[in-house]
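Top to bottom, those sequences are chains C, E and Y. Note that my numbering has the first sequence beginning at 1, numbered continuously upward. Note that my numbering has the second sequence beginning at 1, numbered continuously upward. Note that my numbering has the third sequence beginning at 1, numbered continuously upward.
A few of these clues could be false.
To be verified - Below, computed lysine to any residue pairings styled on SDA-like, alpha-carbon distance capped at 25 Å:
1) Lys56/C - Gly72/E
2) Lys93/Y - Asp84/C
3) Lys67/Y - Asn5/C
4) Lys61/C - Lys77/Y
5) Lys56/C - Ile66/E
6) Lys56/C - Phe27/E
7) Lys67/Y - Thr57/C
8) Lys77/Y - Ala32/C
9) Lys56/E - Asp84/C
10) Lys61/C - Asn65/E
11) Lys85/Y - Gln60/C
12) Lys67/Y - Asp84/C
13) Lys103/Y - Asp84/C
14) Lys72/Y - Ala32/C
Just so you know, the hints here were simulated from the structure itself, not pulled from any lab data.
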Amino acid sequence: MANKNLLLIFRNPPFSDSSNRDTLDIALACSAFEIPVSLLFLGDGVLQLIRGQQSKTLQQKNLLNTFNALAMYDIDQLFVLQSDLQRFELIAADLSIDCQLICETQMAKLIRQSDRIINL
Amino acid sequence: MMSDTIFQTLHIINKTSSHSDLYTDCFKTLLPGDAILLIEGAVYSACGQQVCDLLKQQVPLYALNIDIQARGLTQRIHSQVISIDDDTFVSLTCQYKKSISWF
Amino acid sequence: MKREQLLSLLDDEGYLLDLSSWSKPLAMQLAELDNFQLTEQHWEVIEIVREFYQTYELSPAMRPLVKAMANKYGPQKGKSIYLMKLFSDSPPKQAARYAGMPKPLNCL
Numbered sequence: 001m002a003n004k005n006l007l008l009i010f011r012n013p014p015f016s017d018s019s020n021r022d023t024l025d026i027a028l029a030c031s032a033f034e035i036p037v038s039l040l041f042l043g044d045g046v047l048q049l050i051r052g053q054q055s056k057t058l059q060q061k062n063l064l065n066t067f068n069a070l071a072m073y074d075i076d077q078l079f080v081l082q083s084d085l086q087r088f089e090l091i092a093a094d095l096s097i098d099c100q101l102i103c104e105t106q107m108a109k110l111i112r113q114s115d116r117i118i119n120l
Numbered sequence: 001m002m003s004d005t006i007f008q009t010l011h012i013i014n015k016t017s018s019h020s021d022l023y024t025d026c027f028k029t030l031l032p033g034d035a036i037l038l039i040e041g042a043v044y045s046a047c048g049q050q051v052c053d054l055l056k057q058q059v060p061l062y063a064l065n066i067d068i069q070a071r072g073l074t075q076r077i078h079s080q081v082i083s084i085d086d087d088t089f090v091s092l093t094c095q096y097k098k099s100i101s102w103f
Numbered sequence: 001m002k003r004e005q006l007l008s009l010l011d012d013e014g015y016l017l018d019l020s021s022w023s024k025p026l027a028m029q030l031a032e033l034d035n036f037q038l039t040e041q042h043w044e045v046i047e048i049v050r051e052f053y054q055t056y057e058l059s060p061a062m063r064p065l066v067k068a069m070a071n072k073y074g075p076q077k078g079k080s081i082y083l084m085k086l087f088s089d090s091p092p093k094q095a096a097r098y099a100g101m102p103k104p105l106n107c108l
């Protein structure tokens, strides 16, 4: 049986609750089991990826460092809404990892095409 | 006379502008003499055009520096936002008669 | 260090409780505990695991470990079969243990 493909959605800013950490752990686990996985950073979720975060000031681990490991796990289907970037006045280069910029219609398609969706 | 219009209520917000209800509710309760302090996720609202709605409120606007740094926003903070350290945070809460949390 | 003293530094699964207490001699003692001999080739892997953790705050699973090995030591050593021959147990787990790093998550 072919592996179902999975879409993971990040909707929270950094340093909020554990949902970004938990969803990232699922992504890394999927890599070990060779489950095809896509990641969508939606709304406040895009803030998780801003370069130059210094979690030391909060004496916390920097989750951004672990997001930077995604390429090492061959996870490269990463999506961000163009409209979310605009809303926060960001450009793709402000993000620490390379993401594909998509519009709302493409996002709807992405959700339609995914077999399973996790949106914590 | 002066004492009625300075250092009244410190409004502390800790969520991003995606929680728009939080901001509109806060704005409804603002009076002269109040101030707004942005902490945690609310510091994103101190950046770029997003800050406009806050500046329109005509009260002092503070943002907590450790939260700005942690989120990689140091270069993005609007020049009319007063960035404060932890000690100033404590002083502000003492200076104002009371604080209200919009969490 | 006595066996009891060494064991007191480890969690239930044999990983170092305090990452900052790691040293090369300690890694060798851990290996001795397992009757395992650390060679120059093992040290290369241990070093990679430590670098990976410093960069990503994460112990690598097999796939990223292989990739990191390939990046630093070339395609001959960047193969899972190479790592499997080197370590008796699961390479990511065993290497993380001797590297004083947490147990890798989601490791097969």
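Exercise. Report the numbers of all earlier hints that the structure fails to satisfy, in ascending order.
Key: Per hint list: 2, 4, 6, 7, 11, 12, 13 violated.
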